Structures are given as structure tokens and as C-alpha cells.
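If you read the sequences in order, they're chains X and E. Just so you know, we're using our numbering here: the first sequence kicks off at 385 and counts up by one. Just so you know, we're using our numbering here: the second sequence kicks off at 99 and counts up by one.
The hints are simulated quantities; they were obtained by calculation from the structure and are not laboratory data. In this text the structure is predicted, and so the values were computed from the model without any measurement. Built from N, CA and C at the ideal position, the CB exists for glycine as well. Treat the hints with caution; some may be incorrect.
Stated by the list, open to error - Derived BS3-like pairs: lysine-lysine, alpha-carbon spacing no greater than 27 angstroms straight-line:
no., chain 1, residue 1, chain 2, residue 2
1, E, Lys383, X, Lys503
2, X, Lys505, E, Lys380
3, X, Lys473, E, Lys383
4, X, Lys453, E, Lys284
5, X, Lys481, X, Lys583
6, E, Lys274, E, Lys383
7, E, Lys100, X, Lys451
8, X, Lys531, E, Lys380
9, X, Lys583, X, Lys507
10, E, Lys380, X, Lys473
11, X, Lys507, E, Lys274
What the hints assert, rightly or not - Listing some non-contacts, in silico: residues in chain X with all C-beta distances to chain E over 12 angstroms:
no., residue
12, Gly463
13, Ile468
14, Lys473
15, Thr623
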Amino acid sequence: MVKFTNPKITIEKLDFYYGSVQALFDISMHVPEKKVTALIGPSGCGKSTFLRMINRMNDIIDGTHHKGKVCIDDQDIYGDGVDIVALRKRVGMVFQKSNPFPKSIFENVAYGPRIHGIKDKAKLDDIIERSLNNAAIWDEVKDRMDKNAMSLSGGQQQRLCIARALAVEPEILLMDEPASALDPKSTARIEDLINELKKNYTIVIVTHNMQQAARVSDYTAFFYEGNLVEFDHTNTIFTKPNIKQTEDYITGRFG
Amino acid sequence: MKDNLKEIIIKKMLVAAASTSIFIVLLIFLFLGKEALPFITEPGLSELFDSRWIPVSFQKEIFGIIPLITGSVLVTAIAAVFLIPFGVIGAIYISEIATFFEKELLKPFIEILAGIPSVVIGFFGLMILNSMVKDIFDLNTGLTALTGGILLALMAIPTVISISEDAITSVPWSYKEASLALGASKLQTIWRVTVPAALPGIIAAIMLGMGRVIGETMVVLMVTGNAAKISWNPFDSVRTMTATIAAEMGEVAFGSIHYHALFCVGIVLMLVTFGLNMIAQKVLKKYQMR
Numbered sequence: 385m386v387k388f389t390n391p392k393i394t395i396e397k398l399d400f401y402y403g404s405v406q407a408l409f410d411i412s413m414h415v416p417e418k419k420v421t422a423l424i425g426p427s428g429c430g431k432s433t434f435l436r437m438i439n440r441m442n443d444i445i446d447g448t449h450h451k452g453k454v455c456i457d458d459q460d461i462y463g464d465g466v467d468i469v470a471l472r473k474r475v476g477m478v479f480q481k482s483n484p485f486p487k488s489i490f491e492n493v494a495y496g497p498r499i500h501g502i503k504d505k506a507k508l509d510d511i512i513e514r515s516l517n518n519a520a521i522w523d524e525v526k527d528r529m530d531k532n533a534m535s536l537s538g539g540q541q542q543r544l545c546i547a548r549a550l551a552v553e554p555e556i557l558l559m560d561e562p563a564s565a566l567d568p569k570s571t572a573r574i575e576d577l578i579n580e581l582k583k584n585y586t587i588v589i590v591t592h593n594m595q596q597a598a599r600v601s602d603y604t605a606f607f608y609e610g611n612l613v614e615f616d617h618t619n620t621i622f623t624k625p626n627i628k629q630t631e632d633y634i635t636g637r638f639g
Numbered sequence: 099m100k101d102n103l104k105e106i107i108i109k110k111m112l113v114a115a116a117s118t119s120i121f122i123v124l125l126i127f128l129f130l131g132k133e134a135l136p137f138i139t140e141p142g143l144s145e146l147f148d149s150r151w152i153p154v155s156f157q158k159e160i161f162g163i164i165p166l167i168t169g170s171v172l173v174t175a176i177a178a179v180f181l182i183p184f185g186v187i188g189a190i191y192i193s194e195i196a197t198f199f200e201k202e203l204l205k206p207f208i209e210i211l212a213g214i215p216s217v218v219i220g221f222f223g224l225m226i227l228n229s230m231v232k233d234i235f236d237l238n239t240g241l242t243a244l245t246g247g248i249l250l251a252l253m254a255i256p257t258v259i260s261i262s263e264d265a266i267t268s269v270p271w272s273y274k275e276a277s278l279a280l281g282a283s284k285l286q287t288i289w290r291v292t293v294p295a296a297l298p299g300i301i302a303a304i305m306l307g308m309g310r311v312i313g314e315t316m317v318v319l320m321v322t323g324n325a326a327k328i329s330w331n332p333f334d335s336v337r338t339m340t341a342t343i344a345a346e347m348g349e350v351a352f353g354s355i356h357y358h359a360l361f362c363v364g365i366v367l368m369l370v371t372f373g374l375n376m377i378a379q380k381v382l383k384k385y386q387m388r
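Here chain X stands alone, though its shape is the one from the complex (with noise of 0.2 angstroms):
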């Protein structure tokens, strides 16, 4: 496992239960600072689950609770008085299907920014023009921008989405499996994407496809039933990781 004098996001000890089903063991890991960091392992071993608890998405489900501690920058964000509105802008998430909301192209953007409290039109319009480049989207939407984001093709939604996201201005962008239901060729541009986000933003990235973590990933976190069995570096996991059990999932022998 390895350790980083100062990470990001530090993970201590954390069991997470829904209902009396318990869904994550003890896992303590570090995630450093942009660099992107991969959670695979196979459906149902808990790693969307992991990631949902670094924005507090579990939070919304009933039943569950958790114990060990999560935190941001040494802050522990299941700590007493923490302010979920602030956590949620800080850090940003994307999920597997593409959501836009049924309304405008601009609308979908300002959306965050607006329940944040900016009004002006000038500089939501900056905010947006912004957030849509880097989501390397502004040159196809930019001529109907009040056209409904429906009408756009799965991976120029996806792109939308990681827009809406980024417009927040957050330090975190958290995907849950953010290309599985894109073309091969969508895939490709979202890949670039994090390539290019992760200069400003640390990535947590949960996918299915391992020669996506290979080729998107700085690190990456193998999870098996609710375990974090192994966590290096992308190179060390897919070439000689330490584990038998993860050298299996990686050549395909089980998941």
C-alpha cells in the first residue's frame, strides 16, 4: 500500500453497513493529490460505494451508517457541524449514466453555480463558457447553448455532465464508471478529458474496464468484496502486483 506525506483525501478504518449488511472492511488508503487514482475490482466489491462516501451520496440512502473516518485535507468530513452544501462543492461527481437535467444546455451548467448563490449574468456566462471548454464541449455546444441537453448524443451528455460538475469549481471530481455506457470513440474523448482535468483536479475514478485504469490512472486501488486488497501504482498493479488475489482479477482469471 503505498502512502503519501500529504494526501488529499485520507481514508482511516472504514466499515460501511447497509442495513446489517456490511459493505466495506476496514479500509484505510490515501489518495493523493491531482494525480488520478482508479477503483476496479468486480461488481458488487464495493467500490462505487467507496466512492460515494468521499462526497456523502450515502448519506441519502436510509438505513446506512458508517464507522472510521473519511477526510479532506485533514478535515473529517463526517465530523460534527460539517456543512454537506460546502463538501458537495468541493467535491464534484459524476455517474455512470449521463444525467443531465431536461432543460437548456446553459441551464444544466448554471445550475450549480446558481444554487451557490451567482447571479450575475456575466459572470455565469464566464463560469459557463469556462467549465464547458474544459470539458472540452464548448466548441460543439456553443451555437445552442438554450437547445434542451437531451438532444445531445450519450458521450456529448457525459461531457455536459463533467461540465455541470467542474462549473462549481470543485477541488475533487469523483466518476463513477463514467464511460461504460459510451462508444468506443466517446470513450476515447472522456479519457483525454481526465487526462487533461487531472492538472487542476485530484480524479477518483471507478471503472470496470481495466485497460481504461491502465490507460487513464496514476494509481490504482484493487477492491475485492468490500476489501482494498492492494493499492500502488497503476504501472506496479498491472505488472507485478503484490497480491496473488489482484494478479488474478488483472490477467482475467476471475471477476
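Starting from the known structure of chain X, arrange chain E on it as the hints suggest.
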């Protein structure tokens, strides 16, 4: 070949069943038109636009339906003032905020409310709400447009709640999740994402509720005072189109001018509901352009 024949027969039967409603609507229109038509020749269509409705008189009978229309409009508008906020907010609460226990408690009561016969609601209005309105607003009578409007809203609220609730519940979870993940609070999410996404359904619910309000007869007959005069004051007694038909059709002489006039009222009532439905459809189409 035999199978084919069977297919054809079954298909024809299905078509017949499906078109029955069209057929009946057309028949009703035809019937209303036929019975109302004589009014145009005797005493003439312009008589309908008189501002007084005096169907029985020793001097001159007058069949102006304007006061009946304003009566219906006023009562409906008052009902809408109560119906829309209570119905929509109730639906939002039940589908998005209420705990499981609250939901289990609220929903059966709303269904019971929907099942109360209108005459019972009218009775309640006559005995309780009537005197309350009279006392609170210090009026000569509590049989006013306001009383009728409140009761009609009460009757239509279950319709609005249950249809709006369906629309709100069917908004994809992924929209709400996206909004929450952007740092929106639960209320912001409801107000800015869930309700707009459910708006076509909510509008349809309101329109259906209003349809029920305009067409409702028994309650208004019992509690609005039945004074056929033009008034926009909620504290006045009014008489609606429905109440007029219900009250007078029983004792009118068959084939008389009064009889034909009542059918004219029926046609106007039907056109109004028709218009409401058309508007609802238009709005729905506009919002469904996703």
C-alpha cells in the same frame, strides 16, 4: 384462412369498443345541439347575452346566461386558489418529504376524501362551513361563492394530489442525485429539478381537478345561494351553470323556450370544459418538448 377471419373479427370488435367513447361524445353533442337549436329562431341567440336570468316571470322571461357563466367562473377561480397550492404542495410533501409512516397515514385519508359523495360534502358545507363563513366575515348569509369554492377545492384536491404525486414520483432518481451531488439542498432539488421535470403531469392534474370543479353540481347547488346575478365578489351568492340546469330541468315545460335555454347553458358548459382540456393539451405538448 379461418385464423385470419378470427383476427379480423377480433380487430373489428376492438376498434368498435375503442371508438365507443368518440361515438357517445358525438351523440351527446348532437343531442345538445338539437335541443338547443330552436332557441336561435325563437327568441334568438342574442337573448342569451342578456345580463339577467329570469326564467319564470309574469312580465317577460329573460334567459341571459352571462350571470351563470360569471357564477361558474368565480366559484372555479376561488376553488383554484385553494386547490392548486394545497394539491401541489400536498403532492410534493407526500412524494418527496414525508416519511414512510406519514405516507401510510396520509394516503388512505386522501383516498377516503376522494370517495365522499358530493351531497355529503354539500351537507357538511351547509351545516358547518356556511355558518363559519357567515360569522367570520360577518355576512347576512354564508351561502356564498367562497363557501362553494372551498368545498369544491376540497373535493378536487385528492385528484390533484394523486395525479401530481404520480408525476413527481416518476421523475428519475438520477436527476435528484445529480442535483444533490452539486451541493443543492433537498428543497432546492425539489423546487428546481423535481417539480419542473414533473410539471406536465402537475398541470394535467390541475386541469383535471378544475374539470371536476366546473362540472360539479350538487355542492354548488346546496351552498352557493343560487342568486343569478353578475358579481365578482366572493362573499356574494352566485349561481353556476351546473346548478341552474340541475335545479330547473326537473320542472321545466318540455319544448318551452326555458327548456331550450337550459340546453344552451349545457352547450356553453361543455365548450368551457372542452376549452380547458385543449389548453391543458397545449401546455402538456409544449413542456414535453424535451
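Cross-check of the supplied hints:
1. Lys383/E - Lys503/X: violated, 30 angstroms
2. Lys505/X - Lys380/E: It is violated: about 31 angstroms lies between the C-alpha atoms, which goes past 27 angstroms.
3. Lys473/X - Lys383/E: Answer violated: Lys473/X to Lys383/E is near 35 angstroms, above 27 angstroms.
4. Lys453/X - Lys284/E: With a Cα-Cα distance of about 25 angstroms, the restraint between Lys453/X and Lys284/E holds, given a limit of 27 angstroms.
5. Lys481/X - Lys583/X: Satisfied, since the Cα-Cα distance of roughly 25 angstroms is no more than 27 angstroms.
6. Lys274/E - Lys383/E: holds, 24 angstroms
7. Lys100/E - Lys451/X: violated, 71 angstroms
8. Lys531/X - Lys380/E: holds, 20 angstroms
9. Lys583/X - Lys507/X: With Cα atoms ~24 angstroms apart, Lys583/X and Lys507/X stay inside 27 angstroms; holds.
10. Lys380/E - Lys473/X: violated, 39 angstroms
11. Lys507/X - Lys274/E: holds, 26 angstroms
12. Gly463: Its Cβ never comes within 12 angstroms of chain E, the nearest being 18 angstroms, so this holds.
13. Ile468: violated, 8 angstroms
14. Lys473: Per Cβ check, Lys473/X is inside 12 angstroms of chain E; nearest 4 angstroms; violated.
15. Thr623: holds, 35 angstroms
Figure legend: structure checked against the earlier numbered hints; hints not met, in rising order: 1, 2, 3, 7, 10, 13, 14.
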